[in-house]
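Go ahead and model the full structure; you've got the sequences and the hints to work with.
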Amino acid sequence: MNYMKEYAPAKINLFLDVIRKREDGYHDLGTVFQTVDAGDTVEATLREDGEIHLTYNEPQNYPLESDLVFKAAKALKEYANCALGADIHLTKVMPLGAGLGGGSADAAATLRLLNRLWNLDYPFEVLESIGACLGADVPFLVRGGTAFAEGIGERLTFVEPLDLPEGAALLIATPLDAVPTKDAYAGVPKSGPDRWEQYKAAWNAQDAAQFKAVQSQSAKSTIPQFLNPASYFNAFEISVFPTHPLVAEMKQKFIELGADVALMSGSGASVFGIFKTKELAEKAAAVLKPISRYQTVTKFWHR
Numbered sequence: 001m002n003y004m005k006e007y008a009p010a011k012i013n014l015f016l017d018v019i020r021k022r023e024d025g026y027h028d029l030g031t032v033f034q035t036v037d038a039g040d041t042v043e044a045t046l047r048e049d050g051e052i053h054l055t056y057n058e059p060q061n062y063p064l065e066s067d068l069v070f071k072a073a074k075a076l077k078e079y080a081n082c083a084l085g086a087d088i089h090l091t092k093v094m095p096l097g098a099g100l101g102g103g104s105a106d107a108a109a110t111l112r113l114l115n116r117l118w119n120l121d122y123p124f125e126v127l128e129s130i131g132a133c134l135g136a137d138v139p140f141l142v143r144g145g146t147a148f149a150e151g152i153g154e155r156l157t158f159v160e161p162l163d164l165p166e167g168a169a170l171l172i173a174t175p176l177d178a179v180p181t182k183d184a185y186a187g188v189p190k191s192g193p194d195r196w197e198q199y200k201a202a203w204n205a206q207d208a209a210q211f212k213a214v215q216s217q218s219a220k221s222t223i224p225q226f227l228n229p230a231s232y233f234n235a236f237e238i239s240v241f242p243t244h245p246l247v248a249e250m251k252q253k254f255i256e257l258g259a260d261v262a263l264m265s266g267s268g269a270s271v272f273g274i275f276k277t278k279e280l281a282e283k284a285a286a287v288l289k290p291i292s293r294y295q296t297v298t299k300f301w302h303r
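Under the UniProt record's numbering, the residue at position 65 of the sequence shown is numbered 65, and the numbers go up by one with no gaps.
A couple of the hints might just be wrong.
[To be verified] Lysine-lysine pairs mimicking DSSO-like chemistry, simulated, CA-CA at most 30 Å apart:
(1) Lys200 / Lys276
(2) Lys21 / Lys200
(3) Lys299 / Lys289
Calculated from the structure, these hints are not laboratory results.
Here the structure is a predicted model, which means the values were calculated and not measured.
In structure tokens form, the structure reads like this:
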């Protein structure tokens, strides 16, 4: 085929802790990534002349050379020593600087898309290694689903994909604010490995218990400790909330509007909440719309 399309699902962080600052200036993290059914769309038409052209559904405020879609296409072409090119069109709906990995998801989708369009047939592992050169979230978003991530996000352990319990809904809202990543990191506490290790141990124990229950057909596997707010943590809330009160206000309103769980995603500024019903989530979305630059009622996504 000379034309193909690829969905670019975004992500949230169900848990995120900052363990330490490394000598190279980066930070070691412990996080649980989860893809969600919300994202941009990448389309591509084959070019025989080897050129890479990129267009958008609306003007973007950054140079083409810095776009992760363009970088991903160039990186894959160089890795494969491919003589083909593509006209790429990005339909952008996800907000920038929102903690949802929108740009990284676009890069990951571009790698998957051109891998098919150019008949390269690389496995996910190869695309993930290319993606690691583009951004810390890209390797996870190549595959999506549910995964533990460590280091700067490049060490991935994929687990059984999670689904929301029957009838539940996910609301994501981005307030009328943006959180520069450097600001979020500037004041975040470095907690060491204990909290992350305890979280993983609790997850594994819960997962084992659920597996036994499912095997005996006495329960259905869902999110570990689904409605226990203590299972959800983001260290960046500690550094972001004092300097970005709109984000803190957004999370508080989620709770007031009936979310069983509410948490900031990534380094901000988006907040997500899990509601027992879609109706509750939609009512909350209507209330939050005037103070949101983006919102969606959706669900978890996996292949």
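Compare the structure with the hints numbered earlier in the document and write down the numbers of the violated ones, lowest to highest.
Violated: none.
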